[in-house]
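Novice: Chain by chain, the residues:
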Amino acid sequence: MKFWFPWVSLIARLVLGGVMLVAGALKVTDPETAAQAVRAYDLLPSALVAPIGWGLPFLEIAIGLLLVVGFGVRATAAAAGVFMIVFIAAVSSAWARGLSIDCGCFGGGGQVAPGQTKYLQEILRDIGLLVLAGWLWLNPVSKFAVVSEPQGVTAS
Amino acid sequence: MSTTNPLLQKPKRRISTGIVVVIVLVLALAAGVGVQYYRGHSKVEVSSPGQTEPAVITGPGTSGKGVTVGKAGAKVNIELYLDFRCPHCAEFEKDSGATIDKLVEDGTATLTYWPLKFVNPDASARLANAFAAAAANGKALSFADNLYADFSKSWTSGQLTDLGTQLGIGDAKYQQALQDNTYGDWLDSVSKAADDRGVTETPTVYVNGKQLPTDQLTADGLQKAVDAIAS
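Protein sequence lines correspond, in order, to chains A and B.
Going by my numbering, the letters in the first sequence line up with residues 1 to 156, in that order.
Going by my numbering, the letters in the second sequence line up with residues 157 to 387, in that order.
Treat the hints as calculated values from the structure; they're not laboratory data.
A quick note: this is a predicted structure, and the numbers were derived from the prediction, not measured.
List time: in silico DSBU-like cross-link candidates among lysine-lysine, alpha-carbon distance up to 35 Å:
{"no.": "1", "chain 1": "B", "residue 1": "Lys227", "chain 2": "B", "residue 2": "Lys366"}
{"no.": "2", "chain 1": "B", "residue 1": "Lys348", "chain 2": "A", "residue 2": "Lys118"}
{"no.": "3", "chain 1": "B", "residue 1": "Lys366", "chain 2": "A", "residue 2": "Lys118"}
Chain A with its partners taken away, still in its complex shape (with noise of 0.2 Å):
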């Protein structure tokens, strides 16, 4: 492992869980807008929209937050790179099938106008988010984290 292989992983961490927690912070609040995203895309069955739009932000903040301060950072990377694939595929969808929406990631979502989606720049932003997931998977230990881990791997 080269020396700087936990800083590269801090800023990951940081990046990754600063906009998993903002995204999450954005929505949670409200909660009927977040449903409303996803039901905009029209993938779910009605009954599992709004539980999903309620449910997702709490799960955003807490990767998030695990994520910043350093716990658990190769689980808590594997869910926040489960998240982003799912996200790719549903904004991926959408785009395919001819949707016009937005794709609610930091609040708002539902219906724009056709010529004001940003399909192209939340793909590319969800994969960049993937690719950070991914390099914490395969490098855990990181600077300034709570907990340094796997066990017996020190930051040197």
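Take the given structure of chain A and dock chain B to it, following the hints.
Specialist: Below, chain B without anything else, positioned relative to chain A:
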């Protein structure tokens, strides 16, 4: 990779951090469930008690006609296509609600509600029906204002009952209307009328039959459109 490859390491003795992470995520979900419970059980508080209630000119139930409130004979008619679970409608209400209420109160304008029910197939319809029940009891405006004032509430049937009681309209007839979805057919006719007019999103506002452009959907924009006619 050398022997320091983290993939080959096994945590010793203590509980693996992975399990703790799973526990934290489960707790986060539990917090979500708790908040959701709160949204459905939080106490109803009328946002502006003592608000002047405009008279209901046209009540709910007339097929293809919205609910109109205000002073008959006003020069201006504001038509509002709304959905009680539409976040943009809540924002619009926050921004322009006071302006509209004032225009209605001073007799400048009448206000026609066209309650739609497409945002949330379940809750929108339920709230629209409750609104109609309230309008039938003469409390259209304050009922609508209160639903938007606490938009994050689930507005369960129990909460709607509370609101009705606090507005002084929670009688048996109101209860019955909530239970029986009495105004479902009327709401269908309202939705159809909106479709026929080409209304595809909420909020949509018409001032004397002319649609307010999306970028004018503000307190200022609305006031200007009304002033242009009233003055």
